[in-house]
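Colleague: For reference, the chains in residue letters:
2 protein chains.
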Amino acid sequence: MKQFYAAVGGIVEKNGSILILRRSSDKDFAAGSWEVITGRLEAEENPSRGIIREIEEETTLRAEVILPVNTGFFYRGNRDYPMIIIDFWCKYLEGTVELSWEHSEYRWVSLQDAAVDLNLKPFQRGIQRILSLKNALPTDFDFSIFR
Amino acid sequence: MKQFYAAVGGIVEKNGSILILRRSSDKDFAAGSWEVITGRLEAEENPSRGIIREIEEETTLRAEVILPVNTGFFYRGNRDYPMIIIDFWCKYLEGTVELSWEHSEYRWVSLQDAAVDLNLKPFQRGIQRILSLKNALPTDFDFSIFR
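Protein chains in written order, with the working numbering: chain B, 1 to 147; chain X, 1 to 147.
If you are wondering where the hints come from, they were derived from the structure by calculation, not from laboratory data. One should not assume that every hint holds.
When chains are identical, the list treats them as one kind, so a pair holds in a single copy or across two.
[What the hints assert, rightly or not] 30 angstroms max Cα-Cα, derived DSBU-like pairs, lysine-lysine:
1. K121 - K2
2. K91 - K27
3. K134 - K27
4. K134 - K2
Only a predicted model underlies this, so the values are computations on that prediction, with no experimental measurement involved.
Given only the sequences and the hints, what does the whole structure look like? Please build it.
Modeller: This is the structure:
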């Protein structure tokens, strides 16, 4: 039976904008590219807890998961690293971004802009799904029922 | 870096009802319990393709993924099997259920009933999220934008 490494992606949303970050030039994989929050799961870690930990480690922000919005498979760099990724729609709760060594820059961009930003291609499907759901759900929809 | 086994769950919906199946008494894990479609990913397999393959293998139904709705971590039986699971909301497309050796019975039950059915506890969060989204989204919501 096949084993995988597991990654999580966090699309952190604050009032219709999402946080994007630029990977440091020091990173061993995809250095310099723009992304949402990403990280690898630790042992015994629930994916929805793992992404909240990663958001905190990489930005110091406090956030909560709304819903997983996309999943994928890829090789991270080479074929020794078969990896599954789960992207989550997360809601910003509080804090100000303070970057770790993993990123060199950050920006908040509108969901509309992010959904068509080719630099964010690996995360685009998740971003587009969030945009579709936000547009279709009532403005008073109570996301806390997802908890 | 920790490796995981990866499982997928498929909550197959047809007009507000979902398919539940009873695990055969021959199964090595959780024999006799009711569940939605579940299975393990094959090598190099995208989770959203894997669940469609599992649905076909276990029921012969044709279905498509709408959205991932829940994720989790558990040990499958013992600590040598750390496992991540991703549950998907899937839409029934066509076919009649023909069970494999893995299941002994099946039923279609309403989302409302399934959401409170304690026999389906591991899948309840995903089922409840589907019910919430279905209740809140416009009846003419075009789910094909998720593809």
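Colleague: Compare the structure with each hint and give your call.
Modeller: Comparing the hints with the structure gives:
no. : hint       : in the structure
1   : K121 - K2  : both (27 angstroms within a copy, 27 angstroms between copies)
2   : K91 - K27  : within (26 angstroms within a copy, 40 angstroms between copies)
3   : K134 - K27 : neither (33 angstroms within a copy, 42 angstroms between copies)
4   : K134 - K2  : neither (36 angstroms within a copy, 35 angstroms between copies)
Violation of the numbered hints given earlier is confined to hints 3 and 4; the remaining hints are satisfied by the structure.
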